[in-house]
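> Work out the full structure: start from the sequences and follow the hints.
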Amino acid sequence: MKSSEFIDPAPEVVTLDNVTKIYDATPDAVYALRGVNLAVRAGVFLAVMGKEKSGKTTLLKCLSGEIQPSSGSLSRRAGAQGGVMVSWPAAPEGASSLEAALAGRPELLLADEASEECGAALRRAVEDRGVAVVMATTAPAAAARADAVVFLNDGAVVDMVADAGPQTIRECLERAAGFDAAR
Numbered sequence: 000m001k002s003s004e005f006i007d008p009a010p011e012v013v014t015l016d017n018v019t020k021i022y023d024a025t026p027d028a029v030y031a032l033r034g035v036n037l038a039v040r041a042g043v044f045l046a047v048m049g050k051e052k053s054g055k056t057t058l059l060k061c062l063s064g065e066i067q068p069s070s071g072s073l074s075r076r077a078g079a080q081g082g083v084m085v086s087w088p089a090a091p092e093g094a095s096s097l098e099a100a101l102a103g104r105p106e107l108l109l110a111d112e113a114s115e116e117c118g119a120a121l122r123r124a125v126e127d128r129g130v131a132v133v134m135a136t137t138a139p140a141a142a143a144r145a146d147a148v149v150f151l152n153d154g155a156v157v158d159m160v161a162d163a164g165p166q167t168i169r170e171c172l173e174r175a176a177g178f179d180a181a182r
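Using numbering that gives the first Met the number 0, the first residue of the sequence shown is number 0, and each one after it goes up by one.
No wet-lab data here; the hints were simulated from the structure.
Only a predicted model underlies this, so the values are computations on that prediction, with no experimental measurement involved.
C-beta: ideal position from N, C-alpha, C; glycine also.
Be a bit skeptical, because a hint or two may be false.
Claimed, not checked - The calculated label-pair distances, taken between Cβ atoms and stated as ranges, are: (1) Ala147 <-> Asp16: 41 to 49 angstroms; (2) Ala102 <-> Ala24: 22 to 30 angstroms; (3) Glu115 <-> Glu173: 30 to 38 angstroms; (4) Thr14 <-> Ala102: 24 to 32 angstroms; (5) Gly42 <-> Ala140: 16 to 24 angstroms.
What follows is the structure in structure tokens.
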């Protein structure tokens with residue numbers, strides 16, 4: 000095999016290493032994230048799924064820089080800034096918030112509670128601009144637009160699937176919802 004046959008992976012835009020986020024550090028503390036390890040690479044579309052209160056939005060907020068982890072580390076590529084949160088469907092001026100976000104040439108786009116329509120637009124952004132995308136969604140059809148889907152339960156990554164269709168994603172989501180991460 001020639002060395003030219005090796006393909007260098009895209010650079011990591013942001014990396015989470017054993018990230019935990021705790022709200023209210025008391026005996027009744029809420030663990031929003033538990034030991035999450037994740038690398039987000041340029042040109043990759045990642046969907047995050049889980050039942051309500053599984054940690055999806057907290058993960059996006061950590062990636063954006065809006066909140067800091069309670070423990071673990073979050074590192075960004077030199078010069079990279081926090082992710083840009085995209086709301087859906089439209090900005091007041093009629094241009095989509097995705098177009099407005101892309102005008103700033105971000106390296107990382109984040110979308111919370113994304114629909115199938117949003118998933119399609121984000122897929123185009125990855126293909127056209129090489130931006131990294133992390134999208135939290137409860138819609139298997141939207142997640143099927145992603146390169147990979149990470150499943151959270153009780154703040155922990157409990158499963159992951161790549162290049163999957165809506166039915167496979169739905170089945171993984173059902174299994175993930177039954178997993179007890181606190182054990």
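> Just pull the numbers of the violated hints for me, sorted ascending.
1, 2 and 3
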